[in-house]
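Student: Spelled out, the chains give:
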Amino acid sequence: MKRRYFGFLALACLCAAAAPAAASDAAGDLDEVMGLLAMRRQGRVEFVEQQFLAILKRPIESSGELRYEAPDRLEKRTLLPRPENLLLAAGELTLERGGHRHVVDLHRYPQILPFVESIRATLAGDRRALEQLFHLEFAGSVSRWTLTLVPLDRQLTGIVKQVQIDGARDQLLRVEIRQADGDRSLMTLRTPAVP
Amino acid sequence: MNWRRASIPALWFCCVVLASIVVARARYITDLSAFLPARPTPAQQLLVDQLRDGPASRLILAAIEAGGADRNARLSILTAGRLRLDPQFSSVNNGEPVSAQNDRQFLFQHRYLLSDAVTAERFSAPGLRAAIQDTIEDLASSAGLLLKSLLANDPTGEMLHILDQWERNPSPATENGVWVSPGRSRALMVVQTAASGSDTDAQERAIAAIRAAFAAAAREAPAAGATAAQLKLSGPGVFAVGARAKIERAAIRLSIVSSILVVTLLFAVYRSLPALALGMMPVASGAVMGIAAVALGFGAVHGITLGFGITLIGESVDYSIYFFVSSRSVRQNEAASAGWQRTWWPTIRLGMLTSVCGFASLLPSGFPGLAQLGAYSISGLITAALVTRYVLPALLPSGFIIHDVSPLGTRVVRLLQPVRRLRGIVTAALGLALVVLALWVLQRHQNTLWNRELSALSPISAADQDFDAKLRKDLGAADVRDLVVVSGATLESALAGAERAGRVLAALADSGAIGGFDSPANYLPSLATQRARRDSLPDAPQLRDSLRQATAALSIGSERLQPFLNDVEAARRAAPITVQDLQGTSLRTGFDALILHQKDRWNALLPLHASGAAQSIDTARVSAALTRAHLDEARLLDLKYESDALYASYLGEAIHLSLAGLAALTLLLLAALRSVLRVARVLAPLLLAVIVVAAGLALSGVQLTILHLVGMLLIVAVGSNYALFFDRQALLHDAGSESLTLASLVIANASTVIGFGLLSFSQVPVLVALGVTVAPGAFLALLFAALLSRA
Numbered sequence: 001m002k003r004r005y006f007g008f009l010a011l012a013c014l015c016a017a018a019a020p021a022a023a024s025d026a027a028g029d030l031d032e033v034m035g036l037l038a039m040r041r042q043g044r045v046e047f048v049e050q051q052f053l054a055i056l057k058r059p060i061e062s063s064g065e066l067r068y069e070a071p072d073r074l075e076k077r078t079l080l081p082r083p084e085n086l087l088l089a090a091g092e093l094t095l096e097r098g099g100h101r102h103v104v105d106l107h108r109y110p111q112i113l114p115f116v117e118s119i120r121a122t123l124a125g126d127r128r129a130l131e132q133l134f135h136l137e138f139a140g141s142v143s144r145w146t147l148t149l150v151p152l153d154r155q156l157t158g159i160v161k162q163v164q165i166d167g168a169r170d171q172l173l174r175v176e177i178r179q180a181d182g183d184r185s186l187m188t189l190r191t192p193a194v195p
Numbered sequence: 001m002n003w004r005r006a007s008i009p010a011l012w013f014c015c016v017v018l019a020s021i022v023v024a025r026a027r028y029i030t031d032l033s034a035f036l037p038a039r040p041t042p043a044q045q046l047l048v049d050q051l052r053d054g055p056a057s058r059l060i061l062a063a064i065e066a067g068g069a070d071r072n073a074r075l076s077i078l079t080a081g082r083l084r085l086d087p088q089f090s091s092v093n094n095g096e097p098v099s100a101q102n103d104r105q106f107l108f109q110h111r112y113l114l115s116d117a118v119t120a121e122r123f124s125a126p127g128l129r130a131a132i133q134d135t136i137e138d139l140a141s142s143a144g145l146l147l148k149s150l151l152a153n154d155p156t157g158e159m160l161h162i163l164d165q166w167e168r169n170p171s172p173a174t175e176n177g178v179w180v181s182p183g184r185s186r187a188l189m190v191v192q193t194a195a196s197g198s199d200t201d202a203q204e205r206a207i208a209a210i211r212a213a214f215a216a217a218a219r220e221a222p223a224a225g226a227t228a229a230q231l232k233l234s235g236p237g238v239f240a241v242g243a244r245a246k247i248e249r250a251a252i253r254l255s256i257v258s259s260i261l262v263v264t265l266l267f268a269v270y271r272s273l274p275a276l277a278l279g280m281m282p283v284a285s286g287a288v289m290g291i292a293a294v295a296l297g298f299g300a301v302h303g304i305t306l307g308f309g310i311t312l313i314g315e316s317v318d319y320s321i322y323f324f325v326s327s328r329s330v331r332q333n334e335a336a337s338a339g340w341q342r343t344w345w346p347t348i349r350l351g352m353l354t355s356v357c358g359f360a361s362l363l364p365s366g367f368p369g370l371a372q373l374g375a376y377s378i379s380g381l382i383t384a385a386l387v388t389r390y391v392l393p394a395l396l397p398s399g400f401i402i403h404d405v406s407p408l409g410t411r412v413v414r415l416l417q418p419v420r421r422l423r424g425i426v427t428a429a430l431g432l433a434l435v436v437l438a439l440w441v442l443q444r445h446q447n448t449l450w451n452r453e454l455s456a457l458s459p460i461s462a463a464d465q466d467f468d469a470k471l472r473k474d475l476g477a478a479d480v481r482d483l484v485v486v487s488g489a490t491l492e493s494a495l496a497g498a499e500r501a502g503r504v505l506a507a508l509a510d511s512g513a514i515g516g517f518d519s520p521a522n523y524l525p526s527l528a529t530q531r532a533r534r535d536s537l538p539d540a541p542q543l544r545d546s547l548r549q550a551t552a553a554l555s556i557g558s559e560r561l562q563p564f565l566n567d568v569e570a571a572r573r574a575a576p577i578t579v580q581d582l583q584g585t586s587l588r589t590g591f592d593a594l595i596l597h598q599k600d601r602w603n604a605l606l607p608l609h610a611s612g613a614a615q616s617i618d619t620a621r622v623s624a625a626l627t628r629a630h631l632d633e634a635r636l637l638d639l640k641y642e643s644d645a646l647y648a649s650y651l652g653e654a655i656h657l658s659l660a661g662l663a664a665l666t667l668l669l670l671a672a673l674r675s676v677l678r679v680a681r682v683l684a685p686l687l688l689a690v691i692v693v694a695a696g697l698a699l700s701g702v703q704l705t706i707l708h709l710v711g712m713l714l715i716v717a718v719g720s721n722y723a724l725f726f727d728r729q730a731l732l733h734d735a736g737s738e739s740l741t742l743a744s745l746v747i748a749n750a751s752t753v754i755g756f757g758l759l760s761f762s763q764v765p766v767l768v769a770l771g772v773t774v775a776p777g778a779f780l781a782l783l784f785a786a787l788l789s790r791a
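Protein sequence lines correspond, in order, to chains Z and G. First residue of the first sequence? That's 1 in my numbering, and the numbers climb one at a time after it. First residue of the second sequence? That's 1 in my numbering, and the numbers climb one at a time after it.
Since the hints were derived computationally from the structure, they do not count as laboratory data. Heads up, some of the hints might be wrong.
A few chain Z residues that don't get close to chain G, going by computed Cβ distances all over 10 Å [as the list claims (entries may be wrong)]:
(1) Q51
(2) I60
(3) P81
(4) R82
(5) G98
(6) V103
(7) Q155
(8) Q162
Quick list of simulated restraints, FRET-style, between CB atoms [said to hold, decoys possible]:
(9) E96(Z) <-> D618(G): 22 to 32 Å
(10) G91(Z) <-> R503(G): 36 to 46 Å
(11) E96(Z) <-> A532(G): 26 to 36 Å
(12) A552(G) <-> P83(Z): 39 to 49 Å
Residues from chain G that face chain Z, not an exhaustive set, calculated with beta carbons under 10 Å [claimed, not checked]:
(13) A130
(14) D134
(15) S149
(16) A152
(17) D164
(18) L442
(19) R444
(20) D474
The C-beta atom is built at its ideal place from N, Cα and C for all residues, glycine as well.
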């Protein structure tokens with residue numbers, strides 16, 4: 001029973017990175033890209049994520065698979081170096097790792113939002129959701145675009161400086177999250193060879 | 001004679017006054033202990049401790065429904081905020097992270113004492129290398145962000161290890177910052193009272209405080225619409241308070257209704273107010289003396305014993321009925337009294353003594369509720385009989401007269417005549433057929449005849465139990481059924497024992513035999529363990545050296561880990577953690593819930609959780625593992641099994657005692673009547689009534705409990721009077737007096753059937769059990785006694 005009291009502690013650990021899938025756009029117009037993204041009902045891509053931490057001499061790398069189902073289910077399955085499953089569904093974040101399962105209420109940990117909502121809302125083509133959290137900056141064309149997200153909330157900018165998402169039409173290619181302390185993570189996405 | 005006339009009522013008056021003083025000053029207990037053994041075995045003692053003071057006994061579960069998630073959450077937060085200021089509650093949890101900051105700080109500061117991974121090997125160069133490599137790999141995970149900030153201080157990942165060690169139970173879902181039910185329709189809260197669960201008064205105050213806090217919260221955050229805010233509570237304390245109120249209400253209401261009915265009946269019969277008042281004297285004196293005797297003999301009176309008070313009315317009111325009705329037969333009071341004393345008093349005395357024999361069989365019971373019932377009934381009956389015999393005649397006003405009831409008796413005699421004409425062999429054959437039929441029914445229901453589960457006595461409705469189960473499921477707070485209890489003479493030895501048992505249980509958890517377990521040693525390791533962990537930390541130069549070797553091939557430079565060196569050095573110098581250090585963190589609540597301190601004994605409780613797939617725990621396997629590890633001070637306790645076993649032992653014991661009582665009663669009758677035939681004639685209708693009632697209950701799907709057994713004892717106690725009256729009447733050869741005897745028996749029987757019949761309409765299972773057994777049983781006993789008697 002009393003174990004429960006510690007739930008939130010472990011959950012606080014969860015803050016970290018998140019995941020994307022696939023998308024595109026046209027004519028340098030954000031709305032068109034969003035429209036294309038919104039039309040994709042689901043997607044599955046492989047990811048390789050590198051984290052560049054000031055305290056470490058070399059970046060650490062992890063890889064696995066991202067799955068997305070419109071509008072609000074996003075799953076990040078890490079296979080290496082250690083299996084882990086992170087699931088965002090219906091506003092709840094569940095982390096399964098080493099036989100343990102943690103559930104995080106995003107409501108309670110708003111600091112996790114920029115990590116997960118940046119990717120989820122982009123995948124969903126949900127411009128309004130993005131604009132609730134971020135200042136949006138769009139560059140490039142529908143065939144090759146870059147979306148830069150800067151958190152609006154002052155508290156969140158203390159954690160995440162910006163999220164930069166590169167894509168082509170309705171595919172996400174690269175997600176870079178720059179943290180306020182200078183550390184950054186870079187996730188590269190690739191559609192698996194075999195569907 | 002004059003001296004006697006005045007002195008006996010005076011003596012009686014003094015006795016009643018003294019007894020009333022005892023009754024007024026007696027201690028009344030309404031907790032569970034009426035159902036707990038007076039001389040428990042060690043396993044039973046653990047069970048008793050758990051039920052009375054265990055952490056589970058102090059939980060109150062709450063569900064808030066206020067028409068919408070936002071308002072639910074708001075009311076949950078406001079209510080919890082108020083309750084946290086109330087010293088009645090040792091913890092209030094609604095999902096808000098109130099002590100998260102303190103918890104984190106405490107765990108981090110003491111991580112080298114709390115982590116069971118801390119060993120000398122882990123702090124050697126190879127150990128450090130493996131641990132740091134692991135932590136760096138963890139950084140790649142989704143938890144990396146937090147770990148990153150810890151890395152310089154905690155490169156071996158002790159903090160995460162501690163959290164993993166504890167984070168095994170699923171917590172309820174949260175929404176708007178508070179716990180909610182899976183359907184999101186309710187906000188959930190768990191409150192632990194400071195007072196023990198067996199302190200029903202304190203539980204009642206706590207429940208009132210929760211309701212008041214909720215009402216205040218609802219006023220503070222009024223609903224937008226018309227939806228009323230609802231607060232539903234559950235838990236052992238809530239049940240205890242509810243059950244007590246229910247039993248009190250039922251006992252009071254039924255006593256009033258049955259008193260009115262019996263008084264009305266008696267007035268209709270006597271048509272005399274003085275007779276009515278005098279007739280109640282034996283009953284009232286008996287009740288007062290009965291309670292006084294229990295208070296003096298047991299030190300305290302169980303509430304449930306008082307509840308049985310109604311059973312006494314049934315028999316003791318009969319005495320005065322017999323007295324008044326038969327004194328009607330002669331006009332002169334003096335002569336009537338004398339005649340009554342000569343003819344009927346020996347019979348009443350014998351009837352009373354047979355009842356006493358029956359109830360005396362309850363006295364040695366290990367079930368305090370039964371033992372008290374025995375003492376209460378014995379002293380009550382003796383008092384009622386003596387008051388009828390010695391006080392009533394002395395108080396009878398001159399010219400006292402009651403309405404002539406012999407026409408009633410004459411009518412009954414006429415009704416009986418057709419059956420009585422059958423006589424001899426036919427009656428015996430019919431009786432035998434009935435016996436065979438009843439025994440056949442009982443034989444068919446043999447396996448389901450008795451209910452051996454304690455819950456059979458529970459006054460909690462099935463709906464309430466279902467709601468409780470649902471709430472527990474939503475909260476992930478499954479009712480603890482199995483736990484390992486480790487006893488020690490000191491807190492330290494209990495904790496050390498919990499650690500040894502924990503190692504066995506951890507192995508069982510790894511193999512999937514159990515899902516997991518809690519241990520107080522997770523919150524506060526024993527001093528020995530803390531010292532061992534502290535001593536396994538190397539000194540600064542050695543650690544610096546090992547760290548340099550360990551990090552040579554890693555992606556982190558040892559120069560970055562200076563904070564780690566500082567923290568380890570600080571931990572080496574820090575004093576061990578004590579209970580006081582836990583104050584202000586949720587660890588304190590967790591720890592307190594798992595440690596029970598009794599006079600000279602500390603019990604560490606390690607609740608077991610079933611593994612996900614299995615619904616229950618293989619207790620034999622856990623016991624065997626504990627035995628193999630030679631953990632003599634650890635004991636596996638299956639709460640449901642133990643409480644059912646306890647109840648089954650009461651039941652078995654009560655059955656044996658009742659049979660012994662029946663044997664004693666037979667011997668008494670043999671000694672008094674000096675004729676096997678007469679004894680058989682007296683006992684036959686009683687036993688017939690008992691087995692027919694038992695068969696009837698079995699046929700209607702009722703499983704017998706210990707209270708049904710008490711009811712059967714009451715059938716014999718009340719019925720023996722009827723049978724003895726017929727036995728005596730048969731010797732008189734006086735048709736006129738037979739109609740009077742029958743009239744008094746019919747009136748007495750009607751009052752008994754009314755009293756007990758009403759019980760069967762109550763909502764309280766223990767009272768219903770008595771009612772449905774005694775009401776038909778008493779009627780059948782009279783019927784059979786009448787049919788089997790000689791005209």
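Student: Using 10 Å as the Cβ threshold, decide whether A130(G) counts as touching chain Z.
Tutor: At 14 Å from the nearest chain Z Cβ, A130(G) fails the 10 Å test, so the hint is violated.
Student: Does the CB of D474(G) sit less than 10 Å away from some CB of chain Z?
Tutor: Hint on D474(G): violated, closest Cβ of chain Z at ~12 Å, above 10 Å.
Student: Any CB of chain Z closer than 10 Å to the CB of D134(G)?
Tutor: holds, 9 Å
Student: Would you say I60(Z) is clear of chain G, with no C-beta pair closer than or equal to 10 Å?
Tutor: violated, 5 Å
Student: Regarding the assertion that Q51(Z) does not contact chain G, is the least Cβ-Cβ distance greater than 10 Å?
Tutor: Answer for Q51(Z): violated, closest chain G Cβ roughly 6 Å.
Student: CB of E96(Z) to CB of D618(G), is that within 22 to 32 Å?
Tutor: holds, 26 Å
Student: Can R444(G) be said to touch chain Z, with a Cβ gap under 10 Å?
Tutor: Violated, because the Cβ-Cβ distance from R444(G) to chain Z comes to roughly 45 Å (cut-off 10 Å).
Student: Hold the hint about L442(G) up to the distance rule: shortest CB distance to chain Z must be less than 10 Å.
Tutor: Status violated, d = 45 Å.
Student: Honestly, do E96(Z) and A532(G) meet the 26 to 36 Å range at C-beta?
Tutor: At roughly 33 Å between Cβ atoms, A532(G) and E96(Z) fall inside 26 to 36 Å, so the hint holds.
Student: Is it the case that Q155(Z) keeps its Cβ farther than 10 Å from each residue Cβ in chain G?
Tutor: holds, 15 Å
Student: So is G98(Z) really clear of chain G, every C-beta pair being over 10 Å apart?
Tutor: It is violated; G98(Z) is separated from chain G by about 7 Å at its closest Cβ, not greater than 10 Å.
Student: Beyond 10 Å from chain G, beta-carbon-wise, is V103(Z)?
Tutor: violated, 7 Å
Going down the numbered hints, you'll see the structure goes against 1, 2, 3, 4, 5, 6, 12, 13, 18, 19 and 20, while the others check out.
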